[in-house]
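Chain order of the listed sequences is C and B. Counting in this note's numbering, the first sequence runs from 1 upward without gaps. Counting in this note's numbering, the second sequence runs from 1 upward without gaps.
Do not rely on the hints blindly, as some may be mistaken.
[What the hints assert, rightly or not] Here are the simulated distance ranges between beta carbons:
{"id": "1", "chain 1": "C", "residue 1": "Asp141", "chain 2": "B", "residue 2": "Leu26", "range": "52 to 58 angstroms"}
{"id": "2", "chain 1": "B", "residue 1": "Glu33", "chain 2": "C", "residue 2": "Gln203", "range": "53 to 59 angstroms"}
{"id": "3", "chain 1": "C", "residue 1": "Gly148", "chain 2": "B", "residue 2": "Asn215", "range": "42 to 48 angstroms"}
Please keep in mind that the hints were generated in silico from the structure rather than gathered at the bench. Cβ atoms here follow ideal geometry from the backbone N, Cα and C, with glycine treated the same way.
2 protein chains.
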Amino acid sequence: MTNSTNQQILLKSRPVGEPKESDFALVETPIPEPGEGEVLNRTIYLSLDPYMRGRMSDHESYAAPVELGSVMVGGTVSQVMKSNHPQFSTGDFVLSYDGWQAYGVSKGETLRSVDPNQAPISYALSVTGMPGMTAYFALLDIGQPKSGETVVVSAATGAVGSVVGQIAKIKGCRAVGIVGSDAKSDYAVKELGFDACINRKTQELSSALKAACPNGIDVYFDNTAGPILEVVLQQLNLGARIPLVGLISEYNAESPPLGPNLMPLLVKRALIKGFLVGDYRHREPEFLNDVSQWLREGKLKYKEDVVEGLENAPQAFIGLLQGKNFGKLIVKVSDDPTKI
Amino acid sequence: MTNSTNQQILLKSRPVGEPKESDFALVETPIPEPGEGEVLNRTIYLSLDPYMRGRMSDHESYAAPVELGSVMVGGTVSQVMKSNHPQFSTGDFVLSYDGWQAYGVSKGETLRSVDPNQAPISYALSVTGMPGMTAYFALLDIGQPKSGETVVVSAATGAVGSVVGQIAKIKGCRAVGIVGSDAKSDYAVKELGFDACINRKTQELSSALKAACPNGIDVYFDNTAGPILEVVLQQLNLGARIPLVGLISEYNAESPPLGPNLMPLLVKRALIKGFLVGDYRHREPEFLNDVSQWLREGKLKYKEDVVEGLENAPQAFIGLLQGKNFGKLIVKVSDDPTKI
Numbered sequence: 001m002t003n004s005t006n007q008q009i010l011l012k013s014r015p016v017g018e019p020k021e022s023d024f025a026l027v028e029t030p031i032p033e034p035g036e037g038e039v040l041n042r043t044i045y046l047s048l049d050p051y052m053r054g055r056m057s058d059h060e061s062y063a064a065p066v067e068l069g070s071v072m073v074g075g076t077v078s079q080v081m082k083s084n085h086p087q088f089s090t091g092d093f094v095l096s097y098d099g100w101q102a103y104g105v106s107k108g109e110t111l112r113s114v115d116p117n118q119a120p121i122s123y124a125l126s127v128t129g130m131p132g133m134t135a136y137f138a139l140l141d142i143g144q145p146k147s148g149e150t151v152v153v154s155a156a157t158g159a160v161g162s163v164v165g166q167i168a169k170i171k172g173c174r175a176v177g178i179v180g181s182d183a184k185s186d187y188a189v190k191e192l193g194f195d196a197c198i199n200r201k202t203q204e205l206s207s208a209l210k211a212a213c214p215n216g217i218d219v220y221f222d223n224t225a226g227p228i229l230e231v232v233l234q235q236l237n238l239g240a241r242i243p244l245v246g247l248i249s250e251y252n253a254e255s256p257p258l259g260p261n262l263m264p265l266l267v268k269r270a271l272i273k274g275f276l277v278g279d280y281r282h283r284e285p286e287f288l289n290d291v292s293q294w295l296r297e298g299k300l301k302y303k304e305d306v307v308e309g310l311e312n313a314p315q316a317f318i319g320l321l322q323g324k325n326f327g328k329l330i331v332k333v334s335d336d337p338t339k340i
Numbered sequence: 001m002t003n004s005t006n007q008q009i010l011l012k013s014r015p016v017g018e019p020k021e022s023d024f025a026l027v028e029t030p031i032p033e034p035g036e037g038e039v040l041n042r043t044i045y046l047s048l049d050p051y052m053r054g055r056m057s058d059h060e061s062y063a064a065p066v067e068l069g070s071v072m073v074g075g076t077v078s079q080v081m082k083s084n085h086p087q088f089s090t091g092d093f094v095l096s097y098d099g100w101q102a103y104g105v106s107k108g109e110t111l112r113s114v115d116p117n118q119a120p121i122s123y124a125l126s127v128t129g130m131p132g133m134t135a136y137f138a139l140l141d142i143g144q145p146k147s148g149e150t151v152v153v154s155a156a157t158g159a160v161g162s163v164v165g166q167i168a169k170i171k172g173c174r175a176v177g178i179v180g181s182d183a184k185s186d187y188a189v190k191e192l193g194f195d196a197c198i199n200r201k202t203q204e205l206s207s208a209l210k211a212a213c214p215n216g217i218d219v220y221f222d223n224t225a226g227p228i229l230e231v232v233l234q235q236l237n238l239g240a241r242i243p244l245v246g247l248i249s250e251y252n253a254e255s256p257p258l259g260p261n262l263m264p265l266l267v268k269r270a271l272i273k274g275f276l277v278g279d280y281r282h283r284e285p286e287f288l289n290d291v292s293q294w295l296r297e298g299k300l301k302y303k304e305d306v307v308e309g310l311e312n313a314p315q316a317f318i319g320l321l322q323g324k325n326f327g328k329l330i331v332k333v334s335d336d337p338t339k340i
């Protein structure tokens, strides 16, 4: 990458099923100029998250799709290069939403400062950012875990799931993860402190869950929907709560697959409730307060899966939907000056 | 029926799919004698309810199945014939759970007195009983309807649905029913005061719902699950609530059918929660207080579908699962002395 041109990844075509690299296009364009009240950012880290698959489709959803030929959207941790906004100066680190590009211009009021002395700046995309906040509010507000209860989470070593399990432990619960490899399973138990973790690719899920949850399931934090949800529903305790946070298992489906039979909800008087983190922006301070403290106390560990180079974002994103990442997936788009 | 023998309907075989008359057996047996603390009741009215289909199967459920060769279970309004319990005297009317038989013996502490001066005694099986209480708590506790919102209910002229729609109106909501005949649809609108009612057998549900719910759906009171739920999910408002109260559409299925795709719950941050009225016994007084007042004020109308003769219970029950009843289905097993 030179310093005089911008690199951008555009949505070239709407994927049918799994996205392919050819659905994206890498282009070089001039670095934009910030207008009145705007800031020019250099992207250091780009967040890759499953929700982006939804933005590539034009099905109705909770957010507008990315237009064909436009830059793919996404959260970024960036450094301010030029500022026409009084709150930001050249050299500041900010959380922005500049998308899949090396440089972006944003309105100053949409940026949040990132303090490099508090935590690695990339954490603003993960544990102290959107995925962490998703884990925190969906688990505590909808899941309402009580000490001694059993919390199960799918995609358990992912950006959201890993935080869910650790908060469950902090709240005195039994934390059980579901993942797709032995390495992830080991990591969940040995590093993150889960009580048990199931490799759904090698273990029969129903019996493995029964063994891992001898007292049944009180909270299921659902990142995936699909067959995992169906099995979990059979092992719910009375009054169980299911925050429905993601449906990774079906993001690549061309038409929505059927869901599980809902009789267990009736039998167990259980609850499923959809969650979107955007609804909780006004409560960000409580989240940041707790999570910062847990990070300081060493109660919250965090793993990042860092891919180097914007040009590798499409491939990394395709792998994310297949569960190939291990930890929070981010793309390092340019040098992180706090690490030099 | 003579006065010296009891008539009982037994579960003869577990139905495969729809129950058949041959799954039941009518037998004559001696009238039983009440033991210590027990009461002998003569059944006047027997309640027939969809949940009974579940008791005929030995699939896991929230209640034990009826044993083969045992009397079918069910709520009854009865008159005390002989009492060994200090709280009850011969001639009293009681709400009991004597099942599909002409005479039953019950422990005194399981009975509730029914006051014939308050309302027709059969109402203890419906509007002031279990179905009314189901409508009341599932709608108000889970549905939480707010004035100006739209409440949709399936099986809308049934024992539960008819009360749901009328309480929705009392709470200032738009009430929209879904039924299976024009006669029921007319009745819901003209007699019960629903704002609109859809005949799902003659109208295309999705467009009819859109027309009937121009502001979307805030509460869906689900008595049926199945295809209706699937259509409703597409028209939910943000933060919609769905009390899941019955799955009539699948009670005859041999294996549980798949459910709807759950993406709309996420998109709309909506909630589905299972409900069983048994959890609310301790709150019966609030229910009775409100419902009695609404009955006195004429705000709550109620329709019964009375079938004469215990021997006709099996056929009536089979029809109930097909939606053939019109109003709360009860069997008149013997004379109602309050109506002579």
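Hints versus structure:
1. C:Asp141 <-> B:Leu26: 52 to 58 angstroms: The hinted range 52 to 58 angstroms holds for aspartate 141 of chain C and leucine 26 of chain B, with Cβ atoms some 54 angstroms apart.
2. B:Glu33 <-> C:Gln203: 53 to 59 angstroms: holds, 58 angstroms
3. C:Gly148 <-> B:Asn215: 42 to 48 angstroms: holds, 43 angstroms
Hint compliance for this structure: every hint is met.
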